[in-house]
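The chain contents come next:
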Amino acid sequence: GKSGPPARSTGFSVALLTPGPISDAGWNAGAYEGLKAIEKELGASISHVQVKSPSEFEEQFRAYAAKATRLVFGHGFEFQDAAARVAKEYPSTVFVTTSGSKTAPNLAPIVFELEQAAYLCGLVSGRMTKTGKAGMVGGVELPSIKSTFLAYEAGFVAGHPGGTARPVFTGSFEDVAGAKAAALALADQGCDFLFQNADAAALGVFKGAEERKIRAFGTNKNQNALSPAVLASAVIDMPRAFVETARRVKDGKFDGQTLRYGLASGVISFVWNPAALANVPPAVVEETKSAEEKIRSGAFVVPRGNF
Amino acid sequence: MLPSLELRGISKRFGETQALSEVSLSILPGEIHALLGENGAGKSTLVSIAAGRLAADAGEILRNGSPVSFDRARDARDAGLALVPQHDLLIGAASVADNLAFLDPNAPFFESPAARRARVIRLAQRFALDLGDANARVDALPVGTRQRIEIAGALTGHPEVLILDEPTAVLSPDETAALFASLRKRADAGGAVVLITHRLAEVFAGADRLTLLARGRSVKTCRVSETTPEEIGGLLLAGAEGETREKEKDFDTHPSKHAARSAANQPLPSLELTGFAPHLASAVRTENVSLSLSPGELLVLLAIDGNGADTIARAIAGLERFSGRVEVGGVSLPPSGDPLAFRAAGGAFVPADRREEGLVASLSLEENLALPDPPGRVFLDRSAMRAHAGDLLASFGVRAASSTALAGSLSGGNQQKVVLARELSRSPRVLVAVHPTRGLDLASAAAVRRRILDVCRSGAAALVITADLDEAPLFGAPLRVVTRGRLSAPLQPTTPVETLGRLMAGLAA
Amino acid sequence: MTQESAARRFVVAAIALAAAAAALVGLTLLAGASPIDALHALAEGSVGSRAALGETLARATALVLTAIAASLAFRAGVLNIGLEGQFLAGAVAAAAVGPLLSGAPFVARAGLLVASALAGALWVLPAAYLEARRGVPEVLSTILLNLIAAAAVSGLVRGALQDPRGDYPQSRALPDAVRLAPLVSGSRATAAIVAAIALALLVTLVVEATPLGLKLRATGLAPAAARAIGLPGARLRLLAFSASGALAGLAGGLEVLAVTGRLYDPFSAGAGYTGIAAALLGGSHPLAAAASAMLFAALGAGSSAMQRDTGVPGALATIVPGVLVLTVLAARARLTQKRA
Amino acid sequence: MSGFFAIALLLAAPLLLAATGELLLERAGSIQIGLEGTMLIGAFTAFAAARSGAGPHAALLAAACAGLLAGAAFAAFAVAGRADPILVGTAWNLVAAGGTAFSYRLLAGATGSVLEVKALPPFAFGLPAAALAAFFVPAVLEVFLTRTRPGLALVAAGDNPLALEATGGSVVAVRTAASVAAGALGALGGALLVLTVSPTFVEGVTAGRGFLALALVVFARWKPLRLVPGALLVGGATALQYRLQAGGGTGIPYAVFLALPGLLALFALAAARGRGGAPKALGTPAP
Ligand SMILES: Nc1ncnc2c1ncn2[C@@H]1O[C@H](COP(=O)(O)OP(=O)(O)OP(=O)(O)O)[C@@H](O)[C@H]1O
Ligand SMILES: Nc1ncnc2c1ncn2[C@@H]1O[C@H](COP(=O)(O)OP(=O)(O)OP(=O)(O)O)[C@@H](O)[C@H]1O
Ligand SMILES: [Mg+2]
Ligand SMILES: [Mg+2]
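Residue numbers (our numbering), protein chains in the order written: chain D, 351 to 657; chain W, 3 to 511; chain Y, 1196 to 1535; chain C, 14 to 300.
Hints were generated in silico from the structure; no laboratory data involved.
Using N, Cα and C, we set each Cβ at its ideal position, and we do this for glycine too.
It cannot be assumed that every hint is accurate.
What the hints assert, rightly or not - Chain Y is faced by these chain W residues, among others (derived, beta-carbon under 10 Å):
| no. | residue |
| --- | --- |
| 1 | L64 |
| 2 | P341 |
| 3 | R357 |
| 4 | L365 |
| 5 | D383 |
| 6 | S385 |
| 7 | R424 |
As the list claims (entries may be wrong) - Which bits of chain C does chain Y cover? Going by a derived footprint, with three or more residues having C-beta under 8 Å, they are:
| no. | stretch |
| --- | --- |
| 8 | 222-230 |
| 9 | 268-275 |
| 10 | 280-286 |
Stated by the list, open to error - Within a straight-line C-alpha distance of at most 25 Å, the following computed SDA-like cross-link-like pairs (lysine to any residue) qualify:
| no. | chain 1 | residue 1 | chain 2 | residue 2 |
| --- | --- | --- | --- | --- |
| 11 | D | K402 | D | A416 |
| 12 | C | K131 | D | K402 |
| 13 | W | K222 | W | E62 |
| 14 | D | K438 | Y | V1379 |
Bound-form chain D, shown alone (with noise of 0.2 Å):
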């Protein structure tokens, strides 16, 4: 558990909140990576920490504020309205929450168009499936969560029109058991495809998928490495999202405006797992391609949750 020099008050020096461990290769992780990266590219001195309960958001913020620390970031919508009262205090600090919709010159959103990738995922799934039904498997019912459930469901249903993509959510991030077992029920179900976003609990998914041989997606992280039964993966690359801000801020070109990143700003990738891709037909992958570009140009625009 190494981890980053002391924030000082001098130079480039960024902050990470996360609401959970960062060792949940997940979520958390992802964060971390992202500040990492943030310290390696940036030259920023760098700084965690791992908030318990609502009640210390505003303690945290303010702490890193108080140091003068140039940027934090809060990593989920509940930080929202915690940053949004510190921020007010602390003008010359840059507040960035991962997901959300508050904004202020120092206050901004990041947000992930997953979804983009995800809808992907639902395209190849619709094509591909022998039953007309998919599964998604989350933790915990959260709105960015089943924001990329309603996109993999447009994109399953693109791919099979009258096509049905139910989701099942544990209640939990950590519940790999519980989540094996939501695989299992929806392949129980019919389902030969599984998208799930469930973070560490993927896991579960995956064992579900093998087990039944059936078809899942890795999300947020590349996972094809993971199983077998992993045909593609819809990655966030974090990092790369969190440097883009950073680089940002340090520039002085913040401003204050939601962050938005998608396929086209290559934080958001589509990735085939290779072991699997000798199974999919040409044609899926061509018309995968193409469903990509017009994502990226623009020219479609996937269908994403109101938060």
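Start from chain D and add chains W, Y and C with the ligands according to the hints.
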């Protein structure tokens, strides 16, 4: 004849208490040997040592003439000694069959329920004990049955010496007779039986020899046929009070002078029991009691421990459920048992167990004396509490470092005085006191009696329970003897002590 | 559970603090950080500045209240392990009625706090009923009620109490006018901590210096004697139980009012459990328990600073209070055995 | 339908093991409300052992050993030390949760990748033998309690400790042994999570199952065999909930399912007579 079990010069000390000093006891094969003595005389301690449950500080144990030493209870059982202790030994949540397996030292590691049931039937037949349904949960059984289960459990190892610590306290007369019959059979077959009891009647009806303990020493051993209940009763009571007991002629408690029944023509009785009986799942059934005490009247209930007088008192004070009717100052109390209703009607209660029920050991004397209605509107009126405590401690002659001393730090006798002080200071309408002078020295005991008579004189009715034959008449009030839950007819305080002793022992007057 | 002498309490606390410090140094070394830096950050981050002190006080509010709630219950002989659930019930009530209340902020706040105290008190009722009528140990039922309360929070922020603006699993925010403002700018300490300390004093006074308090203590120390003496044991227990629940509920309400402004899932990081630990450390004396709660709050704020400044894992903040409590228990057991 | 049962069994097995251990301990008169912590210790130990090269069965064994030690440590405080078990358990959860998280960081670093370990091989119904064996453990305990001598001693320790002492037994010894066994079973429950269903460790991977297991003991009213339907009910309800969600949603918020074990246990307590079957000396110090 070589004794089956012989104890020589056994001493045992618990902290401050010298429970046993050089006690010797020998038990012969073929005899039922009764062990008698007042509460705290050391009977249970002695038999625990004999059965390897406790280590003696000094002394020797011999089995059939050769010295033995027991490191564990198991060793004693292996040597043929079995003890049924005073407290409940059974697993309430388990069945009769399981309990007997638990008590059987030779039960195999693994045993099927059928085998366990078979044991119950075997034991019931062999010892002619009614052990009830083998599958019944023990905590649903009457105490008599539970007692028999414990005895059967002790007998499973075929002990040559069987020691029973107060087995009859909870048995009905028929059950007691049956128990003695089965013990007699064992003795006739050459086994030895040691039996602790407070009841002289059963000793004289069923035992061969007896040993009397008093204050941790053995006072007398003899054949039952060589003595009388009166002699033993006298020794027992002397033991309870210590050798220093003299006739208390020098005190101003002449019965006739203080007979407090001037208020006999008052219309409303202070305490009235009608068809009253405490509800307890136990064998000693208190018969329906009816009595009435007018203001200023005092009644002494005289009973050896274990005869139910205590339970009558507790039920009146609202600490047990009862059937029938209890009225205090015309207010009838709920039969579900409600100490608050008793108090609200003007009742005061001195419990037998002052440590558990009389005082809050880790509160100060001031605080104890202020309960249950501490003074002060918003905050405790500490100075009033102190003054109140100071007065009471002085006038009851309590020896304590100060009124802020913890109640638990006082000696037993002084604790008793504190309880009395608290209860009497409340100017009760009815006082119910259980063994109010137990553990007090002579002067203090006389002072306590005086206090009780004083409250009566000022209009309260009092019900005093005592086991002290010599003390009872000193109140100068009518007496009733309680034996096995039954009240005798009212007796004059001038009734000869011998008559009272015979009644207490359960013998015809 | 019972009172103990001041001297003994002091010895036990000193031993425990030493053990906790040793654990802290050891774990910091294991994590590859400098213990000196870590301890420095701990001190700076908890009491080193006005802002840090403010954080400690802001954290302390809920802990002080749950700690005195635990002390009150323990002193009356009620083993209320359900403070966590009662805390959540109070927070739920605050989040439910808060946005509905209109009128002057003062009135709205009063309404919100009354609602949360009531909710906390109501949440003990199933346990109190089962204890009084069925003899079910309150330890078991209150643990179950904690589970249920946590599940209810999770359901409510996605259901009945969900903020209609946005799709977030959180309740509607309290109006800024209703929320408590900081006492001094740049600090997060609000009047809530003053209220909590005042309540700690009040509970201490009630327990130690009023007729009612004496009765409660007597019931807790010797139930059989209290009954025989004529104290209404069952009623006193119920009173202490529900007052304890009300205090924990109030803690939840104040947390919403002063700190978070809304209900989230999960809402609590174990304020109820920490309160029990603080009460234990303070020997169930309300003031000492409140002081221990302050200590835990300082530890929490300080270990956050440690994490920020030296990069040691946040888990330290969980381990250290646990070690503290276990040492107290062990030290107390040893002292008792020596005396016996 | 076979899928449904497999899922129910899968979710019930770890719960059942932990709850059986807890029931054993409670029948002996002590109580460990820090069962969640013990499960975490087991889960982490299995993970750590497997990461350092042990096979899944060896990892299971390692977890059991860690559980034995954990049970002995608990007993040192709460049985021999006679500290209030509730308070020890409260602190236990803190130390175990923090300690496993801390150790995981030491072992794995602040890694962002899933560290997978080898799972136990499936045996039948897609479940490994160890998970299936879990369903027989309550029966073994039942036999132990009702048909063996030490079983009777254990029941006595929880019902009438003085009786046990009077017959030459030692309450401290019996409760310590029970705590050690309960620790092993709790840790095995945690290990089973890692080695069957979720071949990795995450902070808080037990996700509240320790508390569910506590509730199950109450629901079972301290009778081992009743744990099986209880655990299957919880496992089944969860599986059913996933199935209902998968089948198109139900409108029942999943919080209801989260609350289900607690509610069931509370109703079981309310419906039972007396103390609901709780051992008489539960939570009281050894004489
Ligand atoms: N474990 C102990 N610790 C301290 N004192 C004890 C202990 N056991 C007994 N005593 C004390 O030793 C003395 C003798 O007690 P013992 O139980 O032997 O009396 P007993 O004759 O059996 O009385 P009873 O008729 O009431 O059963 C009493 O003063 C008692 O308080
Ligand atoms: N009415 C009753 N119904 C059932 N059992 C009773 C009744 N009255 C008394 N008993 C039982 O008889 C036994 C002896 O009574 P009790 O304890 O009142 O006698 P005691 O003279 O005060 O002796 P001790 O010193 O043992 O307290 C007790 O087990 C008590 O529960
Ligand atoms: Mg005795
Ligand atoms: Mg008596």
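Each hint tested on the structure:
1. L64: Where the cut-off is 10 Å and the nearest Cβ of chain Y is about 33 Å from W:L64, the hint is violated.
2. P341: Holds, because the Cβ-Cβ distance from W:P341 to chain Y comes to roughly 5 Å (cut-off 10 Å).
3. R357: Because about 9 Å separates W:R357 from the closest Cβ in chain Y, which is inside the 10 Å limit, the hint holds.
4. L365: Holds, because the Cβ-Cβ distance from W:L365 to chain Y comes to roughly 6 Å (cut-off 10 Å).
5. D383: Hint holds; W:D383 Cβ to chain Y Cβ min 9 Å, cut 10 Å.
6. S385: violated, 13 Å
7. R424: holds, 8 Å
8. 222-230: holds (count 4)
9. 268-275: holds (count 6)
10. 280-286: holds (count 4)
11. D:K402 with D:A416: holds, 21 Å
12. C:K131 with D:K402: violated, 31 Å
13. W:K222 with W:E62: Distance of about 20 Å is within 25 Å: holds.
14. D:K438 with Y:V1379: holds, 16 Å
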